[in-house]
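Chemist: The primary structure of each chain is shown beneath.
Number of protein chains: 4
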Amino acid sequence: MKLRVNCNLEYEVSAETTLILNIEAQRNAGQNVVSEEFSAAGNLATETHVVPETGNRYRRMVLPVGAHRLDYRAEIETAPFIGDPGRIAQMPVAELPFEVVAHLSPSRYCQSDKLGRFAWRTFDGIADGHEKVTAICNWIFENVDYLEGSSDASTSAYDTFTLRAGVCRDFAHLGITFARALGIPARFVSAYALDLQPQDFHAVFEAYLGDRWYLFDATRLCPIDGIVRIGVGRDAADTAFASYFGQLNGPPKLISVERIDGPQPAEWTTGAVSISAD
Amino acid sequence: MKLRVNCNLEYEVSAETTLILNIEAQRNAGQNVVSEEFSAAGNLATETHVVPETGNRYRRMVLPVGAHRLDYRAEIETAPFIGDPGRIAQMPVAELPFEVVAHLSPSRYCQSDKLGRFAWRTFDGIADGHEKVTAICNWIFENVDYLEGSSDASTSAYDTFTLRAGVCRDFAHLGITFARALGIPARFVSAYALDLQPQDFHAVFEAYLGDRWYLFDATRLCPIDGIVRIGVGRDAADTAFASYFGQLNGPPKLISVERIDGPQPAEWTTGAVSISAD
Amino acid sequence: MKLRVNCNLEYEVSAETTLILNIEAQRNAGQNVVSEEFSAAGNLATETHVVPETGNRYRRMVLPVGAHRLDYRAEIETAPFIGDPGRIAQMPVAELPFEVVAHLSPSRYCQSDKLGRFAWRTFDGIADGHEKVTAICNWIFENVDYLEGSSDASTSAYDTFTLRAGVCRDFAHLGITFARALGIPARFVSAYALDLQPQDFHAVFEAYLGDRWYLFDATRLCPIDGIVRIGVGRDAADTAFASYFGQLNGPPKLISVERIDGPQPAEWTTGAVSISAD
Amino acid sequence: MKLRVNCNLEYEVSAETTLILNIEAQRNAGQNVVSEEFSAAGNLATETHVVPETGNRYRRMVLPVGAHRLDYRAEIETAPFIGDPGRIAQMPVAELPFEVVAHLSPSRYCQSDKLGRFAWRTFDGIADGHEKVTAICNWIFENVDYLEGSSDASTSAYDTFTLRAGVCRDFAHLGITFARALGIPARFVSAYALDLQPQDFHAVFEAYLGDRWYLFDATRLCPIDGIVRIGVGRDAADTAFASYFGQLNGPPKLISVERIDGPQPAEWTTGAVSISAD
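Chains as they are written, first to last, in the numbering used here: chain A, 290 to 567; chain B, 290 to 567; chain C, 290 to 567; chain D, 290 to 567.
Excised from the complex, chain A in its bound form (with noise of 0.2 Å):
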């Protein structure tokens, strides 16, 4: 799929700013960047970083106090990986490649170590492998209130099973919880998505099965093969789009995703989708 994406930001800074962007789009074997800019109004000077176990691509600046806008535009062509979700099975620890392993420990938003007895009493006898992390998915869907304004930059996976709802970030959070606490490598996905409504940074969750990255999506908000990534860590604390240490504001970021060689809205996969590389 051939997706044009565009972010706009606006900062009005008050106090010199350090900014650490991660929006530009990975590039790997999934996810071909055809072409893509950055632009910082005034000629700003920004550093760029690819972090190689990742793929992350993070651009920092020191913004001066007043006005800034800062744009990014890409062209991105996706080629999954599409697999059979029957035949997609779970690695046992003793197989699983080390880089991978981290994944199962629990982290800031994502408290395996808390919710592991709901998780085996729940999913363990319903499926295997790809399916298990599809009933992961269903049950969420089922389970929490899809409700803007029901959480904050504070809320983790705990909360959220609790309170029983959240954004995309807390679907994508409790789903690596209970992924990990069953003994399924999770990570976290900052994306660009398709179809999105309104539209907007999203955020998805990968489970290693097989032998890569799968993509799962609990909000059933846009297709699994819209999704462009942009970001992958532990959870929220490791992919913000926008870190920032000093003093600024601005009004909302304007997002835009569209598809440019074929329909919108898009048909939406069935199958076990990846656009990892690794």
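Don't read these hints as lab results, they were simulated from the structure.
Hints are not guaranteed to be accurate.
Copies of the same chain are indistinguishable here, so a pair counts whether it falls within one copy or spans any two.
To be verified - Listed below are the simulated EDC-like cross-link pairs for lysine to aspartate or glutamate, each with C-alpha atoms no more than 16 Å apart in a straight line: (1) Lys542 / Glu301; (2) Lys403 / Asp434; (3) Lys403 / Asp441.
Remember, predicted model here, so these are calculated numbers, not experimental data.
Assemble chains B, C and D onto chain A, guided by the hints.
Modeler: Chains B, C and D only, in chain A's frame:
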């Protein structure tokens, strides 16, 4: 300093168990492993992995049902970098190496997003750089009781801050949390430690100051230059000495650490100590 | 049912301690105390108080340094009101006695404000009145493991809901929490209980339905008509069997409850049981 | 002091709603209600109840769908007991009235069981009796930011202690928590308050010292003898000014409190103030 380390683990396994150990000393410029030996009774096959970014050494094995005994012994020569505490400054975020920035984020046991207001009120004015982290350690030592049994595997810095009691791991988590809240990258270090009573694994933390990671130990239980690094990570979730997937039991681990090139107990260093190569 | 109750407490006091006991059986229309005796070795002076609103009986004493032995024995005849579960309806808040309304509020261990969304999703449609609270008890029994040692004095319903393990006090807290979240007044009951294994104090809860308080026990550990009420309150914070202010230690309390007018174990009542006079 | 109080509430009800108000001033020896009037537009029937143990006054009504306007106006003359702070001692638990002892227990928003270690470390040595509770208030004032919007209905003292920000209700909860942890009975007071900016309901707390309940206000927002008590209870869970069961919305309540027998702003009393009759 030259140290001899022994670690003996015994397990009674009641169902086949995958065990991942992280008990072997890191090898880096600040810490030379002169000799070492890992042995598992019964010629058990083990698989090893060194994480490129951290130097953490993992050993994975599948334990069949029955009794198992695992031993690690090593001679390590530490060559710490000793700095002048008064001259080691905090780096602005704009100048931090990108790899280090991730250690500003909150993690499972270190909710720096929740304790920021306290940290700023308490530590903002009183010092800078190495001295600020020392002030954090002093505050912890003076305000938190070291009390065996007062915490468990789910205790986080948020709990320790209110309950005001904990063990070495809790002291490290709280130090990391305050440092991150103040914009100082910090990470957890699992360690062998000289003169620790009773002998056991130890937990301390590192803060990134100037151009390297410096060791800090808010417990004041052992000399900071008697630390041998085993694992580094976001917090204890990343640095368990043993993770298992299966069913096992065992008597307490036996640890011994002794100095073989000088007097015990050691004289305590008063400078800033770094044994990190990065 | 006629029951003989024994309770023996021993304390080793290391600094003068004020002790407040709440171990004596309530006297009310549903529960007649035929005979009873409280004795404290050494002619210790004690002061008693009956709370008018609840019938809770407190006994306060100052224990000097040394060894102490306190005994309570009683014969109690319960005359429970037995209702027809299918005909006991939930009262609208507009018709509840004002005294009862306070039992809709959240309390220390029963955060009904946080578990409301789950309670409505799960229990709203499935039954009404006494049957709804029975459905709550069934859900708890089926979804929470009864596990000695899995909780402590700070464990609340919020924790039990996520951790999915607890003891009788946790089961009662969770039942109270769900009931309140659904608009049903509920309170904690500390009790002597027939056929409880091992013999100990017990904790159950009461919900206000129709025109009285009905007993519920989500643990299914003993017959509901073998309950002798000691204290009622918002939750365990109100109904400790012993509160002390000083320093004391002691071996485990010894409790025995036996039926003296019929067979043990008792046959289990299937109706709705109330032993509350209010 | 003679005060005129106005309280105006407006509601838009979208489904029949039971409303319970607790907005009418207590009548007791310390606080004489000279005149008062409650009115509900449309001749709505209301039912009232005075709780014997506390003097809290509740008014219950069923609001049909539509717009509603409720008004309460009163003239109150306070006759506070003014003590000498240096001579008001903490009572040993052995001598407290039994009715008061319950106010040593933790409650929904005041987890005194969790903050005990801190309270003892911080306040144990520094003063006694009324002065100790004043020291608690000073600590709160100096260490917690008064910040509108920093807390919500689920925020408890445990949260406020770590987050270090809150509003009047949070300040009261934290004061109650520390007092209870130190063995001083304490309770929540909802109130009308003179000179509060902006005018609104207020929350303060009372501690039982000597032989009565004394008022404390850690916010320093208004003179302590300008307080008119509405409700007392364990914490805010017991003393909501309005509880509803149904669906309603409304603009912000309008409150006014003015002194009608002397200057505004009032001079601040420096003694210990009690307006409780018990």
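Chemist: A separate judgement is required for each hint: does it hold in the structure or not?
Modeler: Results of checking the hints against the structure:
{"no.": "1", "hint": "Lys542 / Glu301", "result": "within (13 Å within a copy, 35 Å between copies)"}
{"no.": "2", "hint": "Lys403 / Asp434", "result": "between (21 Å within a copy, 14 Å between copies)"}
{"no.": "3", "hint": "Lys403 / Asp441", "result": "between (20 Å within a copy, 12 Å between copies)"}
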